[in-house]
Amino acid sequence: MKEMNDKENFNQDILIKYLNKEVNSGEKSEVENWLKQSEKNREELEQIRQMLSKVDDYYKVKSFDSAVAWHNIHSKITAPRLNYLEHKQFRKEALIRFYKYAAIIIVAIMLGSVGFYIGFRNQNKAFYSEIVSSEKQVVNEYVLPDGSKVTLNNNSELRFPKHFKNDVREVIVHGEAFFDVKRDTSSPFIIHAGNAQVKVLGTSFNVCAYPNTETVEVVVKTGKVEVTNVNQQITANKNREVILAPGEKGTLFNSSDILEKTTNSDPNFMAWKTRDLVFNKVPLKEVFKSLEKVYHVEIQVINPEINDLLLNAQFDHKPVEFVLNVIQITFNLDLAGENKQFTISERKKEQAKL
Amino acid sequence: MSQSDERVLFENMKKGHIKSFEKLFHQYYGYLCSFAERFTNDHDSAEEIVQDFFVRLWEKRLQLNIDSSVKSYFFRSVKNLCLNYIQHQKITEKHQINLRLENNIKETYDDIYIESELAEKIKKSILSLPEKRREIFRLSREEGLKYRDIAKKLNISVKTVETQMSLAIKSLRDKLKDYTSFILFF
Numbered sequence: 058m059k060e061m062n063d064k065e066n067f068n069q070d071i072l073i074k075y076l077n078k079e080v081n082s083g084e085k086s087e088v089e090n091w092l093k094q095s096e097k098n099r100e101e102l103e104q105i106r107q108m109l110s111k112v113d114d115y116y117k118v119k120s121f122d123s124a125v126a127w128h129n130i131h132s133k134i135t136a137p138r139l140n141y142l143e144h145k146q147f148r149k150e151a152l153i154r155f156y157k158y159a160a161i162i163i164v165a166i167m168l169g170s171v172g173f174y175i176g177f178r179n180q181n182k183a184f185y186s187e188i189v190s191s192e193k194q195v196v197n198e199y200v201l202p203d204g205s206k207v208t209l210n211n212n213s214e215l216r217f218p219k220h221f222k223n224d225v226r227e228v229i230v231h232g233e234a235f236f237d238v239k240r241d242t243s244s245p246f247i248i249h250a251g252n253a254q255v256k257v258l259g260t261s262f263n264v265c266a267y268p269n270t271e272t273v274e275v276v277v278k279t280g281k282v283e284v285t286n287v288n289q290q291i292t293a294n295k296n297r298e299v300i301l302a303p304g305e306k307g308t309l310f311n312s313s314d315i316l317e318k319t320t321n322s323d324p325n326f327m328a329w330k331t332r333d334l335v336f337n338k339v340p341l342k343e344v345f346k347s348l349e350k351v352y353h354v355e356i357q358v359i360n361p362e363i364n365d366l367l368l369n370a371q372f373d374h375k376p377v378e379f380v381l382n383v384i385q386i387t388f389n390l391d392l393a394g395e396n397k398q399f400t401i402s403e404r405k406k407e408q409a410k411l
Numbered sequence: 012m013s014q015s016d017e018r019v020l021f022e023n024m025k026k027g028h029i030k031s032f033e034k035l036f037h038q039y040y041g042y043l044c045s046f047a048e049r050f051t052n053d054h055d056s057a058e059e060i061v062q063d064f065f066v067r068l069w070e071k072r073l074q075l076n077i078d079s080s081v082k083s084y085f086f087r088s089v090k091n092l093c094l095n096y097i098q099h100q101k102i103t104e105k106h107q108i109n110l111r112l113e114n115n116i117k118e119t120y121d122d123i124y125i126e127s128e129l130a131e132k133i134k135k136s137i138l139s140l141p142e143k144r145r146e147i148f149r150l151s152r153e154e155g156l157k158y159r160d161i162a163k164k165l166n167i168s169v170k171t172v173e174t175q176m177s178l179a180i181k182s183l184r185d186k187l188k189d190y191t192s193f194i195l196f197f
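The listed protein sequences correspond, in order, to chains A and B.
Taking this note's numbering, the leading residue of the first sequence gets 58, the next gets one more, and so forth.
Taking this note's numbering, the leading residue of the second sequence gets 12, the next gets one more, and so forth.
Honestly, the hints are just simulated from the structure, not real lab data.
Do not rely on the hints blindly, as some may be mistaken.
DSBU-like mimics (lysine-lysine), calculated; alpha carbons at most 30 angstroms apart, straight line [what the hints assert, rightly or not]:
#1 397/A - 143/B
#2 281/A - 222/A
#3 143/B - 132/B
#4 78/A - 134/B
#5 117/A - 157/B
#6 85/A - 157/B
Isolated chain B (complex conformation) (with noise of 0.2 angstroms):
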């Protein structure tokens, strides 16, 4: 999706469209949410602060300006949610943590891209591996199990892992070509 294609949905959403609304919302809501969740370190109140940021978000419409894009506000407003959201967590020690973290992904959302093409060659790529090598693919990078854990778990061999996660990366890679030049641009 376009700069400008989202401008006239947020444009169309402050006239009320729910339906643009509902559009925004998909094409953002998973980003953001990763995005939050850097700062909370906690999916259910990332998923939490996003949600809210919508609901004020369509409330609101109708006193909203915006001059940046709509891309680098909905960000920019997740964040300062999340900033109110760990002054108000009491434990100190957190609030370190947390308060450190901020410093390091300041501005950061300026370097996140909404690729959902990528999203959609990633997605494909996936699915077309086999299914057991799709499922060890997945323990390892969605779950982040160890070879041993993920071995232990479906019953194989760790060298069985080894060899399954080295050619789903060889086929991914194969497969996502011409997006790996590209992506390293960024």
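Here chain A stands alone, though its shape is the one from the complex (with noise of 0.2 angstroms):
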């Protein structure tokens, strides 16, 4: 019996070097023979066959990835909306140099690269500068030409003018962002965010507005921040503008229109620039979605009862693969994954023993 089932095994592993084009000519005749055999050998080949094509098939949907290509494409369909700030200016080859240098951005992101600051320096007609960040990296204070200082999360634009004008200082987000705005009473510093404005004399704050997603949101750390709905259709019953005091969290929901105000009850806000976070008994579930924001990492939970243990943490500037495994220790879980991909479940009990 046993030696049936070598020779089984045996079989298969010369059909799996056949497969893969490997065999020497006396292992080639071998397969071809047993191949003769019957009609179920050479099923049996073509199951292989048709599993490694479709594994094959899988890798190679896989090597066109759609998360930089989206971000490419979404550039190009949201662009024409930049004219508003200076139409007269911004001419169409402009535009059209614009896609180009997108395209190269996400190339060179491809390859690695730190966070990208393109200046169309040599563009006499072109006005404004911009600086994006990668799927992977985010733009770590930037200095803006008034010497406010913003850093960029993963996936996120930032448009301002070469030269700011005298009474105003414009600028248009896409994505999230935290600002060092220098303080200048004369000049206000203003962000456009989705359907949102945000003014500020000179404070520090983080705002997010990734498009597509159904919210602003502004949260201050220092200073006094209005954030203003410039939506037109506006009823009496809710805000148009809202003041934020330190601590204080403006969310504008795109869908109904509403503004509002809160305490900032997230001590995690600025975790994606900070990478510091502090978990106060809190459900895995939250503590996943945290993760999941400031490392822009995937993580599937096989069990849903993980989702209810709650974590007691300080993490400081640390790897995600170092808090998943103390997550993964704390609580004797399995962990599985790669790249920014992770699997966590309930430890079997025969690989607990060991």
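Using the supplied hints, reconstruct the complex from the two chains, each of which is provided in its own coordinate frame.
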């Protein structure tokens, strides 16, 4: 019996070599003879071949990164909206060049480059500069022409004039950014973020306005910030604007046009910038949500009961693998994954014994 | 995603709902690119063509009326763009090869299955392989390296590569068993 099993396995090993075109002539005829023996054998080979071709398709499809491509597409289909700040100067050629640059940024990002700065330096007609962050990198503390500093979260863009006007400093943000605005009472700093307009005199705060998300969120660290809903159709019972103090959060819901002010309850709102995370009896479900946002990873939980476990922990500038390892050890879980995809499951009993 | 789900996304997209557009995009991007690559024989131009297609799709969404399924509309459009692209290629020799290719893969989009469930299952099965085995398997299937080159690259023996490949394929077969019989029906 054992011999027969061995024989089958032996056949399979050679079959696999055969499929991978790694057999020598002796093995080749061995396989071909075996194939001649029965329909069942041929079916066996065909099955493995089919399976491998599906796996190959999977690798092939995966080799086209739709997240990077989406970023590219998105910037193309939304780019003309920029016009509203300075239509006259933003000529069509500049837009076309912008597309070209967008493509170059993305390629560079795929090569693992850090954040990018693109200035239209040699294009006298183009008025704007922009910084764009990639899928995987934040742009840290970029200094704007007025001395204000901005940090861009992943997949975000900031556009600003090469020279600010004398009486106002206007920028446009798509995505998430942390601003440290240089104080200048004669020239307010205005951020256009989706339907929200954020106005400040000098302060630091976080704006989260990813396109396609339901909300624009502004959280203030220091100073005072005014958030205005720029959408025209506003009824009397809805806020047109709110003034935020440190520790407060303004949320504009795009679908309902509601603008509200709350106390910021998320101690980790800046974690994408600082990578400092605090969890105070937080269910793992929430923890994973934070980790996904901060590290731009995907965490899949196999057993739903894991979600309810409570975590008490603090992490200072640790890589996501470290954080997940701590969670794994703390709750005796199984962790698998590579790159930015992780799977967490309950540890199987027999494995736990080992 | 079912055909009617896609139809809903498509209709929402026409109304300007960018999120529906994005969903369709992510669902199809990889498949359309690998389809386009069969025409262009080039990874980058395949991506360029498909991205172009999606940008045009968005810009022309208001004028769009499709009678077929979203899937066959997408594949048909990308195919036409690929043929245009080939026509613009000046090199005759390349042209010839591609024309032959065109005949071979005519209408094949009808046989392309967007099997996200299967893809998910394959991904999980690959992830469940031990790290080293997974890497050997990947080098062989994704990068198409010969056993000898894999052995050299990882500083292991060819025999080890053989064994690991065998184990990897056995484990994948086992995990995808429910699907392989399914696959055979296509």
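Check each numbered hint from earlier against the structure, then list the numbers of those it violates in ascending order. As far as the earlier hints go, not one is violated by this structure.
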